[in-house]
Amino acid sequence: MRAIRPKTRSHAREHIVTIDNDSAPRIMFYGENFMCEDLPVGTRVIYPKRPMTGVANPKAAIRYALNHPEDSDPLHAMLQPGMKVTIAVDDISMPLPIMRAPDVRQLVLEIVCEMLADHGVDDVHIVIALGLHRRMHDWEIKRMVGEKVWNEYWPDRLYNHDGCDPDGMVVLGKTPHGELVEMNRRVAESDLTIYVNLNFVPMNGGNKSMAVGLCGYESLKAHHTPKSIVQSNSFMDPPKSYLSHSFKRQGDLVEQTLKVFHIETVLNNRCFDGPLSFLMKNEDDFTESDRLKFQAMKWTLDKLPFAARREIFMRQPAAYELIGCYAGAVDPTHERTLAKQNEQNCVEVDGPADILLMGIPYISPYNVNSKALNPLLVQVMALGYFYHMYRNQPILRDGGVLILTHPCSDKFDPVHHPSYIEFFNRVLTETTDSYTIEQKYQDELAYNPSYIEMYRRGNAYHGAHPCFMWYWGQRGREKTSRVIVVGADNATVPAIMGWETAGSIAEAIAMARGTMGRSAQITMLHHPPYMISDVM
Amino acid sequence: MHPQPKYKNSAAFYDVDGTLIKINIVHTFAYYASRHASLATSARRTVKTALSIPMFWAADKLSRKWFNEIFYRSYEGASEDRLVVLAEELFEDVVKPNIYPRARDLIEESRRAGCRQVLLSGALDFTMRPLARYLGVDDLIANQLEFVDSYATGKLKKPFVAGATKADIMRSYAKQHGIDLGESWAYSDSFSDYAMLAVVGHPTACNPDFRLRSMARSYDWPVLDLDEAPDRSAARRPQGLAPVRRLRTGKAD
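Respectively, the protein sequence lines represent chains F and D. This note's numbering numbers the first residue of the first sequence as 75 and each following residue consecutively. This note's numbering numbers the first residue of the second sequence as 17 and each following residue consecutively.
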């Protein structure tokens, strides 16, 4: 890595860097490794904002939120001795990577459980609101809720939601748009449900918590469709998200039927700290020590086998800190949550890019503690989440070219993602059209008894989950003219997904310029941590 | 609550030994050998069975057909009444405690999806009947011993339910019951059941041996572990994390 001269930038615009002749090469995630590449002069690199300072006393902040809720009585005022209460908690899919212990959910649960006990509420169950995600392993739950809650509640009163349990689910009704609303029976029969949310991206939390976290397949398929993704501009911008509108309709029905107290927490974006803190920095600001650390890490990663590299990354919990906690009725609470989250994550950007460059890291919401980021999840990270990380207008103009870096290995976790294997190798090789998949294959995978068994009693994602993952990328697929993957270790996997391959960033940019012209505006998103581009 | 079954003309075919239960036909025979009226005969037959195990193992590795011929010869001279009566005890004492924890759940899910449930086993039919009743399956297809004057000859009636013949039997069954094999499931633990798995649209390896596991990976077949009870997922725990202990039992998960 070349020596780098320090630059002076205004604090307000420090998250945008334009590459010039003596700029340092940029570091991009490349699965369980990195790429370090020189980018063309004029390339715009967008960095996340600096982490906001965490609240000084997280427990006090949580207690304050419970006692000063939004548009609701304080939690203690809603409690009566002998009542039946269910606490629903977000699953392990967020935050990414997992946060350093104690998890913020543990802090909230300990306070809430203590309050319930103080008010003579003994009939309390804690349900992991995983929707159609995989059941969390016992050791994952223990780590998330902490020793105290674990010892008191596991396993009879602390368990995973089961969206396919015919006896454990009830129908609450239908929305005016005809969307079925199913609900976990225990929740539906409780006098009060307390939802403990960890809000990491704007599409999560709010009405989605109850409507998706505790539903079943019949309910979920109302909005997890290619149409709702295509009509969401973007799904990370709730007011413009068709998906959010559907969650809202289902959530309204839930609110009318059940008594729910929402607790939402917001984290800062301190993804890496300690020896890895240089990954949060602009490469132009690297010190000699940072450069040495990066080179040593890259050298080591290059030498290690895949499984060891993955283990190293998975063993690095993030140093996230609580920056906000809000509670009360769903909509006003979520509004405050989103405002705080946007304060941390939104960066202003002038105009969209013609060519968008992004590194795909080793992790996604759906492969925590899995054996690999499988190709379908690479797709959902690129064309789903990262493509949609914008407000106002897309960060990549319609018809633009997306360049991503990932090995795209043909690796799947057979325990967590069994139906993904069939989907990728059978369904996608027959058709990549989301609408055909929805009509022809989705129910088949959803009702496959082997996959249902694996979801209910193993640790597998629901059979239909890979279909949803493919739909997640539908808008990105429709709006981009080309997707070029750099560093793929095979040509087959990218080809199945309709992607082209290039050997280097320079080659990919040359290919992209062939479509977008020599003067095409190139932008690189420098994540993780992720940021949301406010494109003006 | 649950939608109407999606699969109208589908069946789920289960191999039994090693797939739904942890034991095999040698355990069954050992049980019969040890339950003789005379203590001396019981001891003699038990020892003889134990000494034959290497031969059975070798025969099974070479050919399932040879194995059947050699193994079922051990039943020669057994009375039909005794075999049938002891089958109920065999089920209660040996088979039932060795049913895989998630076997009944799998069958229940499959039934809910609308599939016809069929046990397809190389074991003897009278030993499988109590299990079939217990699991509530629709049909049982298993090997049958030949009896003359109510005494076993030590030979099996044809066709032998093993290897490629299982696939033939499934085809005939499908034809007879209007089943679409392309929309059906097969579950087995053994590479020797490759034909049975390959004939359906949804093959699933259950608790597979090494060869079948490798094949399942190559062919993208799902792999189910019916032996792993829910919430007992120690194998996935990253090294260094303390084992989770159950409060009541004190056993490591």
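No lab work stands behind these hints: they were computed from the structure. This one's a predicted model, so the numbers in the text were calculated from it and none came from an experiment. Certain hints may be false.
What the hints assert, rightly or not - For each label pair, taking beta carbons as the anchor points, the in silico distance ranges come out as: (1) D:22 to F:509: 16 to 26 Å; (2) D:130 to F:370: 52 to 62 Å; (3) D:69 to F:513: 38 to 48 Å; (4) F:565 to D:226: 49 to 59 Å; (5) D:130 to F:509: 22 to 32 Å; (6) F:239 to D:173: 14 to 24 Å; (7) F:221 to D:226: 33 to 43 Å.
Unchecked claim - Here are the simulated EDC-like cross-link-like pairs (lysine to aspartate or glutamate), alpha carbons at most 20 Å apart as the crow flies: (8) D:22 to F:241; (9) D:22 to D:199; (10) F:123 to F:608; (11) F:485 to D:141; (12) D:22 to F:517; (13) F:445 to D:199; (14) D:22 to F:608; (15) F:445 to D:236.
In this text, a Cβ means the ideal position worked out from N, Cα and C, and glycines have one as well.
So, going through the hints one by one against the coordinates:
1. D:22 to F:509: 16 to 26 Å: holds (20 Å)
2. D:130 to F:370: 52 to 62 Å: Hint holds: Cβ distance 58 Å, inside 52 to 62 Å.
3. D:69 to F:513: 38 to 48 Å: violated (54 Å)
4. F:565 to D:226: 49 to 59 Å: violated (31 Å)
5. D:130 to F:509: 22 to 32 Å: holds (26 Å)
6. F:239 to D:173: 14 to 24 Å: Taking Cβ atoms as reference, residue 239 of chain F and residue 173 of chain D lie about 43 Å apart, which means the hint is violated.
7. F:221 to D:226: 33 to 43 Å: Hint holds: Cβ distance 39 Å, inside 33 to 43 Å.
8. D:22 to F:241: holds (19 Å)
9. D:22 to D:199: Since the Cα atoms of residue 22 of chain D and residue 199 of chain D sit roughly 10 Å apart, the hinted pair holds (cutoff 20 Å).
10. F:123 to F:608: holds (13 Å)
11. F:485 to D:141: Violated, because 42 Å separates the two Cα atoms, which is more than 20 Å.
12. D:22 to F:517: holds (8 Å)
13. F:445 to D:199: violated (30 Å)
14. D:22 to F:608: violated (45 Å)
15. F:445 to D:236: holds (16 Å)
This entry does not satisfy hints 3, 4, 6, 11, 13, 14, going by the numbered hints stated previously.
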